[in-house]
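Listed below are the residues making up each chain.
2 protein chains.
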Amino acid sequence: MGSIERIEAVAEKLIGYRDAGNDLVVVVSAMSGETNRLIELAQQVDPQARGRELDVLLTTGEQVTIALLAMALEKRGYPARSYTGAQVRITTDNAFNKARIKSIEHERITDDLARGRVVIVAGFQGVDEDNNITTLGRGGSDTTGVALAAALKADECQIFTDVDGVYTTDPRVEPQARRLDTITFEEMLEMASLGSKVLQIRAVEFAHKYNVPLRVLSSFEDGDGTLITTEYGTDKTMEQPLISGIAFNRDEAQLTINGVSDTPGVAFQILGPIADANIEVDMILQNVSADGTTDFTFTVHRNDYETAFASLQETAGELKAREVSGNNKIVKLSIVGVGMRSHAGIASRMFEILSNEGINILMISTSEIKISVVVDEKYLELGVRALHEGFDLAGAN
Amino acid sequence: MGSIERIEAVAEKLIGYRDAGNDLVVVVSAMSGETNRLIELAQQVDPQARGRELDVLLTTGEQVTIALLAMALEKRGYPARSYTGAQVRITTDNAFNKARIKSIEHERITDDLARGRVVIVAGFQGVDEDNNITTLGRGGSDTTGVALAAALKADECQIFTDVDGVYTTDPRVEPQARRLDTITFEEMLEMASLGSKVLQIRAVEFAHKYNVPLRVLSSFEDGDGTLITTEYGTDKTMEQPLISGIAFNRDEAQLTINGVSDTPGVAFQILGPIADANIEVDMILQNVSADGTTDFTFTVHRNDYETAFASLQETAGELKAREVSGNNKIVKLSIVGVGMRSHAGIASRMFEILSNEGINILMISTSEIKISVVVDEKYLELGVRALHEGFDLAGAN
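Line by line, the protein sequences are chains U and V.
Oh and the first sequence: position 30 is 240 in this note's numbering, straight run, nothing missing.
Oh and the second sequence: position 308 is 518 in this note's numbering, straight run, nothing missing.
Don't read these hints as lab results, they were simulated from the structure.
Please note that a few of the clues may not be correct.
[Unchecked claim] Listed below are the simulated BS3-like cross-link pairs for lysine-lysine, each with C-alpha atoms no more than 30 Å apart in a straight line:
# : chain 1 : residue 1 : chain 2 : residue 2
1 : U       : Lys308    : V       : Lys308
2 : U       : Lys223    : U       : Lys539
3 : V       : Lys588    : V       : Lys530
4 : V       : Lys285    : V       : Lys223
5 : U       : Lys285    : V       : Lys308
[As the list claims (entries may be wrong)] Examples of chain U residues toward chain V, derived with CB under 8 Å:
#  : residue
6  : Ile214
7  : Ile249
8  : Ala259
9  : Glu263
10 : Gln273
11 : Ile276
12 : Ala282
13 : Lys285
14 : Gln297
15 : Glu490
16 : Val491
17 : Asp492
18 : Ile494
Since the model is a prediction, treat every value here as computed from it, not as a measurement.
Built from N, CA and C at the ideal position, the CB exists for glycine as well.
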């Protein structure tokens, strides 16, 4: 939600849906800049602000928006009712600042819908069992939307974002990128975890778990967006596409410890201190050398590179390792598609495409529906475009 | 509540009270300017904004303050808990924007106090029986404070304002004005209704009804303020003072209809249309003339003068009255004191003092503990000072 103009625009959009005969439950976030304003207020009082009182503070942001949006609808003659998370009521656990939804009472919403009212719910918030105000943490408004859609058994949960759908890859890197009509939850989860910023992973997981069809739409433009669902839509071709999209992540860094004695527990000895430093490890590779030692490589977020490197050097001393090396100028390229499950040879095709462009692969990691490679960061654009063309993603669905 | 600096200052003040061994329940209002900011947002969406959604919006103002104040206390090592009206819970009727408190659950607050926590409650708000958010309207935070003090059987309800107590009269008009150590509820109610802006009438009424001792203090300076209670304090003299204070009201206007036939129901015929126009009438005077007609005079708020005059002219036509006249350059001066009950001659002393200064009295109205006169507005300062001196209010208590 942006300014008042944005609220007015959303009201107009909702009226269009309402006039088309839909019952509407709308989940909104805070107005643009409002959450940051509140966080700054909190930090003026306590730079370490967190816990119960921070949630009391932050939830006011969405509460302002629900009231204004309800007013905007009522002014236009459309009955509307706003609800805070506490009012709905959305019950969460008591993990302040990052609570998880436990249950949703929806009798009141159902009743309002039956009376022809548009229901507007504050995203991102709930109350624990003792009625303390909680927030759901990052991406919380999307999660609220999905949870409500599940509770109400809605036909569809539409998420309005600043993009008009999910693309085969980032159009800023590959102008030929094409908007997907549909994508599966599993593919979307891989895309999201690989760096696509369209939706928060948590909301997609939630939708997947409760099988709520999710549609990503633009807040600003008309269009059908992308439907995220368990199956391909009615416009599916006989065969699912091999590859749905290409994801990439620039924020990668790689660390290697060479010549570690290959004994049980060595992986834990290396990664334990990294985890203790609260650093998330992504890809992990272990090769056995002929001399009974092993080389151990893993990737972390680029921001954690220095800390991880220092930690690894300490570990290397303890383990009498030969050497520690690293590279924070790398990126990860991934191809994602449920079609991989039933088609062999996709990995080798991927490696061939990259090889044809002279791109050296530093690491490889695979899952059932994705293959990721780490390459030098200078190859990012070239690699994405080559894969996009090589797998014919610009063609029709 | 002003800025963050103000919140920090309040936290420090509370810590002083806490260290002195007091259990504290603190009711706070929105930060300075915040309520106006929210009202402006609402008016951008709907210039006529009111009703349910306006309350959802406005209550965020206090919610921000309770969170920040609780953070400020916790940061200083003092356990604190914030509560919205809904959380307390403060149940009101469902008159949005001007709800009245029906009941307060205080188990949770009592429990927090027992655990040594400072409890911080958002003023001005509650929920109706259907859990809709309501606001108490103007002066609502004071009312919340008094209601909580009554529910918790608190020793005292302290109201921090921008003045350091209740004065014998407005010190801006009479520099000799003296802060009162104590004043009775009845006197305070008369003072408030006569224009003294120290406290909202509603909070005083509420405190009186539930017999909650109320202390008006400065937010900025130290001092004992003024205790408002049913009896004079322990430092009372043998005799209560005759007069506690002099109130005045600049916003008065007077209307007169002359030569109305003196028949039953004529008062209603004159004042009915005024009430229908939602204009509040203050003083009312009716004199019988020798010729069987009557002159009827009343006062209204100066803002309502034009409307009331037009209405009265219409009525005059219907009643075949002789004449309609008015004056919107008048003020009301009042002396207030429970001592009047047991002392005769106070009215005549008042009239004598004014007469000595050449001040002509236009209307007189009396109640058990106050005497009000209407005079030309040019006499306001002179009248106040003369009465203050004449009743020896600058002397010691």
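Going down the list of hints, with the structure as the test:
1. The straight-line distance between the Cα atoms of lysine 308 of chain U and lysine 308 of chain V is roughly 36 Å, outside the 30 Å bound, and the hint therefore fails.
2. At roughly 44 Å between alpha-carbon atoms, lysine 223 of chain U and lysine 539 of chain U are farther apart than 30 Å, so this suggested pair is violated.
3. Only pairs whose Cα atoms come within 30 Å are accepted, and lysine 588 of chain V paired with lysine 530 of chain V is rejected, the gap being roughly 34 Å.
4. Among the hinted pairs, lysine 285 of chain V with lysine 223 of chain V is consistent with the structure: their alpha-carbon atoms are about 15 Å apart, no more than 30 Å.
5. This hinted pair checks out: lysine 285 of chain U and lysine 308 of chain V have alpha carbons roughly 21 Å apart, not beyond 30 Å.
6. Because the smallest distance between the Cβ of isoleucine 214 of chain U and any Cβ of chain V comes to about 5 Å, under 8 Å, the interface hint for this residue holds.
7. Taking 8 Å as the C-beta contact cut-off toward chain V, the hint placing isoleucine 249 of chain U at the interface is violated, the least distance being around 12 Å.
8. Against a cut-off of 8 Å between C-beta atoms, the interface hint on alanine 259 of chain U holds, since the closest Cβ of chain V lies about 6 Å away.
9. Given hint, glutamate 263 of chain U at the interface with chain V, holds; its Cβ is 4 Å from that chain's nearest Cβ, closer than 8 Å.
10. At a threshold of 8 Å, the smallest CB-CB gap from glutamine 273 of chain U to chain V is about 5 Å, leaving the interface hint in force.
11. Annotation: isoleucine 276 of chain U was flagged as interfacial toward chain V, and the flag holds, the nearest CB pair being 6 Å apart, inside 8 Å.
12. Interface restraint check: alanine 282 of chain U against chain V, minimum CB-CB distance 5 Å, threshold 8 Å, status holds.
13. With 8 Å as the threshold, the beta carbon of lysine 285 of chain U comes within range of chain V, its nearest partner Cβ sitting at about 4 Å, so the hint holds.
14. Against a cut-off of 8 Å between C-beta atoms, the interface hint on glutamine 297 of chain U holds, since the closest Cβ of chain V lies about 6 Å away.
15. A least Cβ separation of about 29 Å between glutamate 490 of chain U and chain V goes past the 8 Å threshold, and the interface hint is therefore violated.
16. Interface hint status for valine 491 of chain U: violated, as the beta-carbon distance to the closest one in chain V is roughly 34 Å, over 8 Å.
17. This hint is violated: aspartate 492 of chain U has a C-beta 35 Å from the nearest C-beta of chain V, more than the 8 Å allowed.
18. Of the supplied interface hints, the one on isoleucine 494 of chain U is violated, with its beta-carbon coming no nearer than about 40 Å to a beta-carbon of chain V, more than 8 Å.
In summary, the numbered hints that this structure violates are 1, 2, 3, 7, 15, 16, 17 and 18.
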